[in-house]
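There are 2 protein chains.
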Amino acid sequence: MSAEAVSVKMKDRSSQPSLDPILSLTAPSMEAVNAVILDRMQSEIPLIPALAGHLISGGGKRMRPMLTLAGAELVGYKGNHHHKLAAAVEFLHTATLLHDDVVDGSETRRGKEAANMIYGNPATVLVGDFLFARAFELMVDADNLRALKVLSDASVIIAQGEVDQLTAQRKIETSEEHYLHIIGAKTAALFSAASRISAVIADCPPEQEKALDDYGRYLGIAFQLVDDAIDYDSERAEMGKDQGDDFREGKMTLPVILAYEKGTSEERKFWQEAIAGFRTEDEDLAHAVQLINRHGTIAATRERALEFADKACDALSIFPDSKARAAMVEAAQFAVSRLY
Amino acid sequence: MSAEAVSVKMKDRSSQPSLDPILSLTAPSMEAVNAVILDRMQSEIPLIPALAGHLISGGGKRMRPMLTLAGAELVGYKGNHHHKLAAAVEFLHTATLLHDDVVDGSETRRGKEAANMIYGNPATVLVGDFLFARAFELMVDADNLRALKVLSDASVIIAQGEVDQLTAQRKIETSEEHYLHIIGAKTAALFSAASRISAVIADCPPEQEKALDDYGRYLGIAFQLVDDAIDYDSERAEMGKDQGDDFREGKMTLPVILAYEKGTSEERKFWQEAIAGFRTEDEDLAHAVQLINRHGTIAATRERALEFADKACDALSIFPDSKARAAMVEAAQFAVSRLY
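Chains as they are written, first to last, in the numbering used here: chain A, 159 to 498; chain B, 159 to 498.
Bound conformation, chain A alone (with noise of 0.2 Å):
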């Protein structure tokens, strides 16, 4: 495959991206990763699958073994150890968003009850457990060390991320810098994880392999940037996100940093309250937003979470064109629209 430098910048695009194209380039194979998912969350002990089921079918989006999916279309593939490796990564998301939601208190996830309100923090935190290992388990099963490598050197970023984050927490003093070392770990490792495994199982080039390892990573970031506004956007409400949670729990964001970076001493003063957690009801939502809004912060996130995903897609460049490769250059664009 030789490289052909093909311009997908997002700015070429004028229609409404969509993920429907990466949808059903990997739909036979989600297909296979679900049976593997379904088969795998089983347990002799009831309340595994329950809880681990209420999370699992909850209806996620499956991004990240989307993107193992979608990356051995491109490489061309033609083993089926894929589907255990994206059942694997499935899970280690699913263990972390059980971990995440103790940790946070969360109440609600993708729109429903959190498990943790259902089942309480011991049971949350152990059948998260339970979803790890089962992951480790799986990359087993698929018998190639080197993906293995791969997702557990993920594993240890992602947990120093989810660490990082929390000691942030309340920070005001939290630097652009940090905050995208922070996203960069808890968030983009595991989506450029997910992306390169499936050019490390296929046995391609090491620039193939950085390539879709580059791609998942600025997908990633871009992926949690435009998450990140729209806890703040105040002209939409996505569906299974509760807006106001990060205000709440004061995580410093980049629509908040760079609130408070242009912010007059006044509202510095506000944003101080805020973060420190003196500031948590909807009236002080409201008010932030405004702020955010005042100085154009949602915009510049935008920009940002724009920047990545150009970048993801130019990865994607030196790979040939094909069907694989415009559906993941969409499901970049994709990203970023959600904050149209």
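The set of hints was computed from the structure by calculation and includes no laboratory data.
Since the list can't tell identical chains apart, any single copy or any two copies may satisfy a pair.
Quick list of in silico lysine to aspartate or glutamate cross-link-like pairs, DMTMM-like style, CA-CA up to 25 Å:
hint: 1; residue 1: 307; residue 2: 361
hint: 2; residue 1: 307; residue 2: 365
hint: 3; residue 1: 329; residue 2: 202
hint: 4; residue 1: 307; residue 2: 202
hint: 5; residue 1: 368; residue 2: 301
hint: 6; residue 1: 368; residue 2: 231
Chain A is fixed; fit chain B onto it per the hints.
Below, chain B without anything else, positioned relative to chain A:
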């Protein structure tokens, strides 16, 4: 190595057994393991080594990695992959302890304030996840897919055992069989995997692998039985274990299961209320200890532990006599002697 029937029964010993032989057998390689542990618990996020180090340097016996090292001596393993695997085993164990303490709301661990009390539940959950991920990273480094399979399967079984224990909590009707199933999963699975992997990396014949697996499993059950008896033993208070924890948490352990079985209807009423959580005062614990003494269920639990320790020793009889075998036999005898 031919099979050689050697009686290694507990009853053949008269002097007080000790961990000293296994400690000195494994001392040089444990130094290497401790170096790996210290190196791999580091992170750019300072909270991680602080929290992990609080527990890891808190004076555990390192029983599980010791089994890997002793097994390696027993089978004459010549490489050095067992250092990383033994460190991984200790990380898996430490991650489980951190999550256990969150789940149980423990106040102390190994005679010190528990990590969750100092650093809070969120950080303790996430640092547990970090250690779990690090464990798998270390296993990948050790470069043996079969050992990885043994340990990832064990991790799944441990997590299932933890959930099983949680759902059995405060249920007076838990049977002895169910209890043995729980401790076989939550405790003995890691003992057996830790012991077995030494034979795996040394490419031993299947019967030696099985013998080491059996040794670890039976030893693990004996250990847990003794731990559970110590929680009600009026004669002694073991450092680092809060007496009466199981009682207050409504955990059904063998001394209680047997006392309930043998109890009068009045005694059964007491146990029902206590395990349901309505009798958690010091005087209730004193009454529970009284009932347990009346029916001799500590002694009965010790008898069961002795049987399992005997089976552990018997499993080693396929190996010729050696310093390593004698040390492992004495370790099994020591496990039960903690209750003498």
